[in-house]
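Peer 1: If you want the building blocks of each chain, they are given just below.
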Amino acid sequence: MNQRMFVVVGAAAVLMFAFAPLMIAWAPYESTMGLVQKVFYFHVPAWFVMFLAIFVSGIASAVHLAKDRPAADRLALSAAELATLFGAIGLITGPLWARKSWGVWWQWDARLTMAIILELIFVAYLLLRKYGGAGSDKLAAGLALFGMANVPFLYISVNVWRTIHPRTSVVPTLGPGMFGAFWWCVVAFLLLFVVVVAARTRLEEQRARVDDLHLALEDY
Amino acid sequence: MTWGRVGALAIVVLALGMALGPTVAEAGLQPQPALDEFVPMDQVPPEDQLPAAPLLIAAYSLVWVCVFGYLWSIWRRMATVEREIAELSRRLSDR
Chain L
12 MNQRMFVVVG AAAVLMFAFA PLMIAWAPYE STMGLVQKVF YFHVPAWFVM
62 FLAIFVSGIA SAVHLAKDRP AADRLALSAA ELATLFGAIG LITGPLWARK
112 SWGVWWQWDA RLTMAIILEL IFVAYLLLRK YGGAGSDKLA AGLALFGMAN
162 VPFLYISVNV WRTIHPRTSV VPTLGPGMFG AFWWCVVAFL LLFVVVVAAR
212 TRLEEQRARV DDLHLALEDY
Chain G
70 MTWGRVGALA IVVLALGMAL GPTVAEAGLQ PQPALDEFVP MDQVPPEDQL
120 PAAPLLIAAY SLVWVCVFGY LWSIWRRMAT VEREIAELSR RLSDR
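Order-wise, the sequence lines are chains L and G.
All residue numbers for the first sequence refer to the numbering used here, where the first residue is 12 and numbers rise by one.
All residue numbers for the second sequence refer to the numbering used here, where the first residue is 70 and numbers rise by one.
Same shape as in the complex, but just chain L (with noise of 0.2 Å):
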């Protein structure tokens, strides 16, 4: 992404972030759940954000291991600490939602024990970078794989198994007022989601000309 497009879209973040609680404030009550459902304008944009990290992660740890390329593996290392980072606020504001509506903090249901097991997979995927050492990064791609492999199940789990998490149909089905108030803060996740993939890419780009210039260091 060049500088001009990167300010542009970080720009465009900022103002719909601005106007998110406007909206969401302007969003109607939640019938059995009340004030406590307007967590959902952030909570479940945090979990499509984190799918899509985990999916460009995955696409770019493929296009690495079949065809060796260093830019493809810096994509997938910076969607992956994106994919770790809107897991965690997934998780965040998940059990604040569940301890008002469920009445209790946590639940080992199926969505929920998926959705800690795919934040764990990305957290072992970035320790395995930082402390895997040499050939780390094959191995982590792998690991990225089988995360992404792990999304689908993860997404129809409240359709399939016997849970109190709210199903898929919750967001086609959404009322006007929810509707644009939720659509809203989806593209805000996603236009934050560009621009922040694009700063974490750059930093290991440049990360790779360190390695370069010690190495032409080293020549002399």
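Derived from the structure by calculation, the hints contain no laboratory data.
We treat Cβ as the ideally placed atom computed from N, Cα and C, and that holds for glycine.
Accuracy of the hints is not assured; some may be wrong.
Across the chosen pairs, the derived CB separations fall in these ranges [said to hold, decoys possible]:
| id | chain 1 | residue 1 | chain 2 | residue 2 | range |
| --- | --- | --- | --- | --- | --- |
| 1 | L | P163 | G | A84 | 20 to 30 Å |
| 2 | G | L161 | L | R80 | 23 to 33 Å |
| 3 | G | S130 | L | F66 | 21 to 31 Å |
| 4 | L | D230 | G | F137 | 38 to 48 Å |
| 5 | L | S42 | G | L85 | 32 to 42 Å |
| 6 | L | W194 | G | P123 | 21 to 31 Å |
| 7 | G | L85 | L | V115 | 49 to 59 Å |
| 8 | L | L156 | G | L85 | 50 to 60 Å |
| 9 | L | N170 | G | R152 | 50 to 60 Å |
| 10 | L | W194 | G | A122 | 16 to 26 Å |
| 11 | G | V108 | L | A82 | 44 to 54 Å |
| 12 | G | P120 | L | G143 | 44 to 54 Å |
Based on these hints, arrange chain G on the given structure of chain L.
Peer 2: Below, chain G without anything else, positioned relative to chain L:
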């Protein structure tokens, strides 16, 4: 009614009680069914407002702490790498 019929009726009642008893008792312990859709309403019930607000505020605050913390970590790491690049470039040009 003979004693035999009373006994048979008692056994039937006992059998039904044993069969249905646990089911009826467990029905109260079943988790709430998952929601299929969110139904909007105009006003939140008054008893719902105070307990929910701190959780909602905590959720949104923690999201911003996570996002800004991560952006700050990228900025800090980028500054370190840029300094290292400048230093290595200077040493390379000195040779």
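Peer 1: Determine for every hint whether it applies to the structure shown.
Peer 2: Verification of the hints:
1. Here the CB-CB span from P163 (chain L) to A84 (chain G) is close to 46 Å, at odds with the stated 20 to 30 Å.
2. Between L161 (chain G) and R80 (chain L) the beta carbons are some 27 Å apart, a value that agrees with the proposed interval 23 to 33 Å.
3. Under the hint 21 to 31 Å, the C-beta atoms of S130 (chain G) and F66 (chain L), about 29 Å apart, fit the expected range.
4. Our hint of 38 to 48 Å for D230 (chain L) and F137 (chain G) holds, since their Cβ atoms are close to 41 Å apart.
5. A C-beta distance of roughly 38 Å is found between S42 (chain L) and L85 (chain G), which places it inside the suggested range of 32 to 42 Å.
6. In this structure, W194 (chain L) and P123 (chain G) meet the distance hint of 21 to 31 Å, their C-beta atoms being roughly 27 Å apart.
7. A hinted range of 49 to 59 Å is violated for the C-beta pair L85 (chain G) and V115 (chain L), which are about 35 Å apart.
8. Checked against the given bound of 50 to 60 Å, the beta carbons of L156 (chain L) and L85 (chain G), roughly 55 Å apart, stay inside it.
9. At about 51 Å, the CB distance of N170 (chain L) to R152 (chain G) agrees with the hint of 50 to 60 Å.
10. Judged by the Cβ atoms, the range 16 to 26 Å given for W194 (chain L) and A122 (chain G) holds: they are separated by roughly 25 Å.
11. The supplied range of 44 to 54 Å is met by V108 (chain G) and A82 (chain L), whose beta-carbon atoms lie about 48 Å from each other.
12. Against the hinted window of 44 to 54 Å, the Cβ-Cβ separation of P120 (chain G) and G143 (chain L) comes to about 45 Å, which satisfies the hint.
Violated hints, listed in ascending order, are 1, 7; each of the other numbered hints is respected by the structure.
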